[in-house]
Amino acid sequence: MASATPALSEPRLHAGWDTHGYPGRLIVIEGGDRSGRSTQVRLLAKWLERRNLDVVLTDWSTSPHISKAIHKAKAENALRPITYSLFYAADFADRVAQVIVPALQRGEVVLADRYMYTAFARDCARGADPQWVRRLYSFAPRPDLVIYLRVPPEVTSQRAPSSAVKAIDRYEIGLDLGLSTDPEESFQLYQQRVFEEFERLAQEFGMIVVDGVSDVEQIQRLVRDRVAELVSQ
Amino acid sequence: MVVASWPLHHLRPNEPAAWQPHPWPGTLICVDGVDGSGRATQLDLLHVWLQVEGYGVIRSQWNSSKLVSKTIADARRQNTLTPLTYSILHATDLAERIESEIVPGLKSGYVVLADRYIFTALARDIARGVERAWIHNLYDFAVRPDLAVYLRIDPEVSMGRIMGIGGEASVEEANESAAVRGALESFRQFQERVVGEYERLVEPFDLMPLDAQLPIRVQQRRLREAVGGALLARERGICGG
Numbered sequence: 284m285a286s287a288t289p290a291l292s293e294p295r296l297h298a299g300w301d302t303h304g305y306p307g308r309l310i311v312i313e314g315g316d317r318s319g320r321s322t323q324v325r326l327l328a329k330w331l332e333r334r335n336l337d338v339v340l341t342d343w344s345t346s347p348h349i350s351k352a353i354h355k356a357k358a359e360n361a362l363r364p365i366t367y368s369l370f371y372a373a374d375f376a377d378r379v380a381q382v383i384v385p386a387l388q389r390g391e392v393v394l395a396d397r398y399m400y401t402a403f404a405r406d407c408a409r410g411a412d413p414q415w416v417r418r419l420y421s422f423a424p425r426p427d428l429v430i431y432l433r434v435p436p437e438v439t440s441q442r443a444p445s446s447a448v449k450a451i452d453r454y455e456i457g458l459d460l461g462l463s464t465d466p467e468e469s470f471q472l473y474q475q476r477v478f479e480e481f482e483r484l485a486q487e488f489g490m491i492v493v494d495g496v497s498d499v500e501q502i503q504r505l506v507r508d509r510v511a512e513l514v515s516q
Numbered sequence: 002m003v004v005a006s007w008p009l010h011h012l013r014p015n016e017p018a019a020w021q022p023h024p025w026p027g028t029l030i031c032v033d034g035v036d037g038s039g040r041a042t043q044l045d046l047l048h049v050w051l052q053v054e055g056y057g058v059i060r061s062q063w064n065s066s067k068l069v070s071k072t073i074a075d076a077r078r079q080n081t082l083t084p085l086t087y088s089i090l091h092a093t094d095l096a097e098r099i100e101s102e103i104v105p106g107l108k109s110g111y112v113v114l115a116d117r118y119i120f121t122a123l124a125r126d127i128a129r130g131v132e133r134a135w136i137h138n139l140y141d142f143a144v145r146p147d148l149a150v151y152l153r154i155d156p157e158v159s160m161g162r163i164m165g166i167g168g169e170a171s172v173e174e175a176n177e178s179a180a181v182r183g184a185l186e187s188f189r190q191f192q193e194r195v196v197g198e199y200e201r202l203v204e205p206f207d208l209m210p211l212d213a214q215l216p217i218r219v220q221q222r223r224l225r226e227a228v229g230g231a232l233l234a235r236e237r238g239i240c241g242g
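Protein sequence lines, in the order shown, are assigned to chains A and B.
If you're matching positions, the first sequence starts at 284 in my numbering and goes up one per residue.
If you're matching positions, the second sequence starts at 2 in my numbering and goes up one per residue.
Just so you know, these hints were derived from the structure itself, not from any lab.
These numbers were taken from a predicted model, which means no experiment stands behind them.
Accuracy of the hints is not assured; some may be wrong.
As the list claims (entries may be wrong) - Quick list of the computed label-pair ranges, beta carbon to beta carbon: (1) A:Ala511 - B:Glu204: 53 to 59 Å; (2) B:Pro105 - A:Glu512: 51 to 57 Å; (3) B:Glu200 - A:Trp330: 54 to 60 Å; (4) A:Lys449 - B:Pro105: 27 to 33 Å; (5) A:Gly489 - B:Pro24: 38 to 44 Å; (6) B:Gly110 - A:Gln441: 45 to 51 Å; (7) B:Glu157 - A:His354: 43 to 49 Å; (8) B:Asp207 - A:Val499: 55 to 61 Å; (9) B:Ser109 - A:His354: 27 to 33 Å; (10) B:Glu54 - A:His354: 42 to 48 Å; (11) A:His354 - B:Val49: 37 to 43 Å; (12) A:Ser446 - B:Arg77: 41 to 47 Å; (13) A:Glu512 - B:Glu200: 50 to 56 Å.
From the three backbone atoms N, C-alpha and C, an ideal C-beta is built for every residue, glycine too.
Input sequences plus hints: build the corresponding full structure.
And the structure:
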């Protein structure tokens, strides 16, 4: 009977991972907290619209039912690591089915403010087995372009004054990992871990690395150059 | 400070022996089976017996977590989720119960009675078309139970029980309109697929099949024998299978 069960397939998320095959384009902007990601996404969306392209934006953790439950759970400090990981995967699966795949089928440009790489970085920073989390997300369409805004953890800390650190939720500071009970120290240690994960991911998935420390306009020009190649094809 | 790594349990469908027994003093007993197989009845009787025998008992019910179950119920009413999203949400529900209820209970030496466990998720979700290898990976975080009981029942009989009618003759009576017949037929086909998937899990996961069409007291006697064996094994420090 055991032989009737197929072996665990290798994760499909590697360099040879299948392209999505839809007429649309999937563009992902990744980067840690305070990397200027959302600003770049907004500017890029405006630019794409000026070029008369149909743009669909999708942001991390925004599916109607599930994201509300996640925010509620976070507010109650009730999320443990595996639950945290799966909750975000459920949110992502819902957006893939309801937003991302339908738009790609219609031939539109999907602009994703964070994608599964954020989950890989955050979950692995919390101890998740990298293979497990990659297999979990193996249903995701492969992006046509992933731009990673690299901001070193020191700069992230400078961009987050201590008053701001106290205001953000304990998961973004990484307090749930127990690295430190001091919010600022925890924030630094957590950002360091997430940064290291992103550095590995950038190589593994062939992301376009953009220096997120330079000025907004300059970053946007670099981003547009890359996107222009893709959408003019 | 080292962050614990997970999932730790190494659930591997082709190598069931690689699924690590848990290291805690408590005992995890799960009862799976389709709706109408009499799970709740058997668990209620078992619960009382264990208490009389002096064990601390914790019940953990499928889809009952504080954080997730309401989301699942809301989404079900609106009928908007794909089988894949459902699958992950049910896993999230179990993860929350494992992390906040089951593992703490096992650490404190309780007997944890689970009304449905990963086997129900595997059977249902695979029957809904979710990829087998993918869902086996998904549930890799699950703690290995000390005893997993599968209430085996003819799909026709379980359907009769769900609809509050007794047996095939009454199911025929319910087949009045074409619409009812159609819905009933697709439900029947689904139940049969689910039962087929449960059966495929029996051997690799060492499920104990229990004939759910036997008299309730006979089933309960067999269940208590198996549970007694699992408790004894645990008390002697022999870990699982």
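Going through the hints against the structure:
{"no.": "1", "hint": "A:Ala511 - B:Glu204: 53 to 59 Å", "result": "holds, 57 Å"}
{"no.": "2", "hint": "B:Pro105 - A:Glu512: 51 to 57 Å", "result": "holds, 53 Å"}
{"no.": "3", "hint": "B:Glu200 - A:Trp330: 54 to 60 Å", "result": "holds, 56 Å"}
{"no.": "4", "hint": "A:Lys449 - B:Pro105: 27 to 33 Å", "result": "holds, 30 Å"}
{"no.": "5", "hint": "A:Gly489 - B:Pro24: 38 to 44 Å", "result": "holds, 41 Å"}
{"no.": "6", "hint": "B:Gly110 - A:Gln441: 45 to 51 Å", "result": "holds, 49 Å"}
{"no.": "7", "hint": "B:Glu157 - A:His354: 43 to 49 Å", "result": "holds, 45 Å"}
{"no.": "8", "hint": "B:Asp207 - A:Val499: 55 to 61 Å", "result": "holds, 59 Å"}
{"no.": "9", "hint": "B:Ser109 - A:His354: 27 to 33 Å", "result": "holds, 31 Å"}
{"no.": "10", "hint": "B:Glu54 - A:His354: 42 to 48 Å", "result": "holds, 44 Å"}
{"no.": "11", "hint": "A:His354 - B:Val49: 37 to 43 Å", "result": "holds, 40 Å"}
{"no.": "12", "hint": "A:Ser446 - B:Arg77: 41 to 47 Å", "result": "holds, 42 Å"}
{"no.": "13", "hint": "A:Glu512 - B:Glu200: 50 to 56 Å", "result": "holds, 53 Å"}
Taken one by one, the earlier hints all hold for this structure without exception.
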